[in-house]
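Asker: Start from the sequences and build out the full structure, keeping to the hints where you can.
2 protein chains.
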Amino acid sequence: MYKKLFIPGPTQVRDEILQVMATPMIGHRSQDYADLQREVIPKLQQVLYTENLCFLSTSSSTGLMEAAIRNCSQKKVLNTICGAFSKRWHEITLANGKAADPLEVEMGQAITPEMIDERLKTGQYDALTLVHNETSTGVTNPLYEIAEVMKNYPDVCLLVDAVSSMVGIKIEVDKLGIDVCLAGVQKCFALPPGLAVASVSQRAMDRSAEVKDKGYYFDFHVFLKYYERGQTPTTPAIPQIMALNQQLDDILAEGLENRFQRQAEMAKFVQDWARQYFALYSDERYLSNTVTNVKNTRGISVAGLNEELGKRGAMISNGYGPLKEHCFRIAHMGDLTLDDLKWVTGQIEEILGL
Amino acid sequence: MYKKLFIPGPTQVRDEILQVMATPMIGHRSQDYADLQREVIPKLQQVLYTENLCFLSTSSSTGLMEAAIRNCSQKKVLNTICGAFSKRWHEITLANGKAADPLEVEMGQAITPEMIDERLKTGQYDALTLVHNETSTGVTNPLYEIAEVMKNYPDVCLLVDAVSSMVGIKIEVDKLGIDVCLAGVQKCFALPPGLAVASVSQRAMDRSAEVKDKGYYFDFHVFLKYYERGQTPTTPAIPQIMALNQQLDDILAEGLENRFQRQAEMAKFVQDWARQYFALYSDERYLSNTVTNVKNTRGISVAGLNEELGKRGAMISNGYGPLKEHCFRIAHMGDLTLDDLKWVTGQIEEILGL
Chain A
395 MYKKLFIPGP
405 TQVRDEILQV
415 MATPMIGHRS
425 QDYADLQREV
435 IPKLQQVLYT
445 ENLCFLSTSS
455 STGLMEAAIR
465 NCSQKKVLNT
475 ICGAFSKRWH
485 EITLANGKAA
495 DPLEVEMGQA
505 ITPEMIDERL
515 KTGQYDALTL
525 VHNETSTGVT
535 NPLYEIAEVM
545 KNYPDVCLLV
555 DAVSSMVGIK
565 IEVDKLGIDV
575 CLAGVQKCFA
585 LPPGLAVASV
595 SQRAMDRSAE
605 VKDKGYYFDF
615 HVFLKYYERG
625 QTPTTPAIPQ
635 IMALNQQLDD
645 ILAEGLENRF
655 QRQAEMAKFV
665 QDWARQYFAL
675 YSDERYLSNT
685 VTNVKNTRGI
695 SVAGLNEELG
705 KRGAMISNGY
715 GPLKEHCFRI
725 AHMGDLTLDD
735 LKWVTGQIEE
745 ILGL
Chain B
395 MYKKLFIPGP
405 TQVRDEILQV
415 MATPMIGHRS
425 QDYADLQREV
435 IPKLQQVLYT
445 ENLCFLSTSS
455 STGLMEAAIR
465 NCSQKKVLNT
475 ICGAFSKRWH
485 EITLANGKAA
495 DPLEVEMGQA
505 ITPEMIDERL
515 KTGQYDALTL
525 VHNETSTGVT
535 NPLYEIAEVM
545 KNYPDVCLLV
555 DAVSSMVGIK
565 IEVDKLGIDV
575 CLAGVQKCFA
585 LPPGLAVASV
595 SQRAMDRSAE
605 VKDKGYYFDF
615 HVFLKYYERG
625 QTPTTPAIPQ
635 IMALNQQLDD
645 ILAEGLENRF
655 QRQAEMAKFV
665 QDWARQYFAL
675 YSDERYLSNT
685 VTNVKNTRGI
695 SVAGLNEELG
705 KRGAMISNGY
715 GPLKEHCFRI
725 AHMGDLTLDD
735 LKWVTGQIEE
745 ILGL
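In order, the protein sequences belong to chains A and B.
In the working numbering, each residue carries its 1-based index in the first sequence increased by 394.
In the working numbering, each residue carries its 1-based index in the second sequence increased by 394.
Pairs count within a copy or across copies, as identical chains cannot be separated in the list.
List of simulated lysine-lysine pairs, BS3-like, C-alpha gap at most 27 angstroms:
#1 481 with 545
#2 515 with 545
#3 619 with 481
#4 619 with 718
#5 619 with 469
#6 606 with 481
#7 470 with 545
I should point out that these hints are in silico values taken from the structure, not numbers from a laboratory.
Here the structure is a predicted model, which is why all the values come from computation and not from measurement.
Answerer: Below, the structure written as structure tokens:
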């Protein structure tokens with residue numbers, strides 16, 4: 395049975411977009427493809443508020459996290475950690491043989507500019523990783539305040555995982571001076587998975603030019619060589635790029651500010667609902683506009699709830715990792731509407747007899 | 395205007411498969427996804443004649459070429475080169491900071507077992523890369539004879555790019571002792587691009603366990619960790635995996651031997667046609683069953699020919715790289731039929747007034 399997705403990725407995809415996925419194929423070295431890519435890139439720059447290069451990577455977001463690490467550090471990386479995905483960035487950094495230190499806070503807490511400042515002062519680091527919106531905990535780190543502090547460290551590349559926030563929460567890449575801002579298209583873009591995108595600054599490109607043993611698949615300078623011809627280095631996920639082109643039109647037609655506002659309204663609704671019937675897991679000061687982590691204060695069976703929801707055509711997520719039965723997560727990102735959230739929370743109330 | 399693709403990837407995709415690409419999304423950590431992956435893997439093993447692990451990689455084939463290098467060498471790689479894609483493997487090897495030597499023959503020629511034996515005798519190498527079917531030249535290297543020689547070198551991993559041959563030309567992975575056999579789905583599988591697959595032997599997994607600084611995204615042991623749960627390490631290209639599942643059913647329904655036979659018949663037809671009106675570029679002993687490189691003996695404008703074909707709803711490829719106007723390539727792989735090839739060569743005859 396078909397289930398409407400309220401999980402934090404892959405998100406619910408509209409039928410119009412699914413139909414674009416069924417477009418007949420074109421050659422990736424053809425004029426048709428170059429025309430497509432040259433339509434997509436300026437729109438991507440627009441939604442990211444940037445004039446930086448914007449690369450299309452046939453990989454998940456994790457691939458571009460690896461890319462950011464491989465291209466942007468030759469000294470030591472400071473990996474900020476506030477949940478599962480920011481922890482993964484630390485793992486990736488070490489797996490690539492790069493020197494790295496963790497800066498870790500408890501799950502549900504946020505990374506603050508003060509913590510970062512204190513560590514960067516030591517002068518040991520040439521890159522900092524930050525997950526903007528921790529999908530595992532429903533925390534949005536204070537990116538604008540952190541970016542302000544980063545301006546005091548011009549030799550430290552700011553690498554931002556915006557996987558579950560890009561086009562859902564405002565990120566002005568150029569104003570903030572973000573060197574690599576990456577995301578997969580299956581979250582706030584509301585497309586099927588298989589493609590990741592990143593903006594890459596001149597500073598990141600300059601750093602990359604100095605770094606050795608970057609590999610080939612994720613080398614930003616290999617991307618650049620083909621980018622100028624409106625191409626990617628290797629055969630890309632053409633269906634997802636066609637879908638992205640359509641969706642960027644639809645996002646711009648909705649209006650970015652309207653889109654951010656819609657996510658914020660959905661978030662407020664779900665947060666209020668969670669406060670009424672359960673509690674919020676994460677620090678109230680940093681609640682996410684795209685996903686809410688509800689604390690299972692009633693000791694319900696999260697797996698059982700999801701099974702019942704499945705019968706009614708919906709799916710939410712359990713808590714991440716160790717939080718599996720202690721929390722459940724409701725995503726309110728992408729093309730979902732307030733009515734969708736009212737419906738799914740209504741279903742939960744009915745199932746649990748709240 | 396819609397063009398039927400006679401290019402060597404992406405290949406023509408049937409409407410039934412395009413419709414599968416439009417399936418509503420499912421979560422990649424859901425039971426539905428695990429069921430899907432557990433359907434796909436045994437069928438993939440069947441078409442590869444292997445009991446090895448078969449991994450699904452959200453990347454192009456180039457990503458898995460990088461994976462093979464990163465996981466399977468800690469000494470020195472011998473990169474056999476007979477065209478653009480085998481040359482890329484040498485580039486990738488060096489870009490990953492691995493020691494490597496090229497073993498190069500002229501474009502249009504094949505790699506022979508004797509050449510390989512002579513180099514491996516030196517005992518310097520722990521991995522050998524081979525492109526089975528060189529898409530850039532239309533040459534199929536003698537994989538069965540090469541695999542025979544490789545049996546004398548049990549410490550050398552045999553890494554095979556079967557990008558434009560897998561499920562188009564018979565490759566019995568286990569019988570041949572291939573350690574990594576990789577391909578993208580947009581060639582002989584006739585699916586939209588965005589997914590690559592590889593079989594990986596126990597020897598390759600053992601080697602990988604010893605190698606350091608493999609990175610995360612292409613680490614075979616990270617793949618294995620999730621494989622056992624019917625999952626991939628990160629969000630995969632779900633639409634392409636759904637399409638692969640359907641297409642594997644269709645391939646097995648056609649029958650593998652029938653499929654190989656169909657490609658061979660199409661190849662023979664195009665080769666005969668090329669001999670009649672032009673000439674063949676590559677060594678007659680090693681002509682490919684999936685793509686033919688036609689030598690432009692008439693000095694026609696290849697770009698002009700393709701433009702005229704475009705108006706009639708078809709697309710072929712020019713010669714690769716330096717061969718751009720000196721050759722043109724007609725692919726006869728995937729779900730194309732002899733009638734399709736008769737039609738497109740007929741169109742070429744009409745356009746050129748042959």
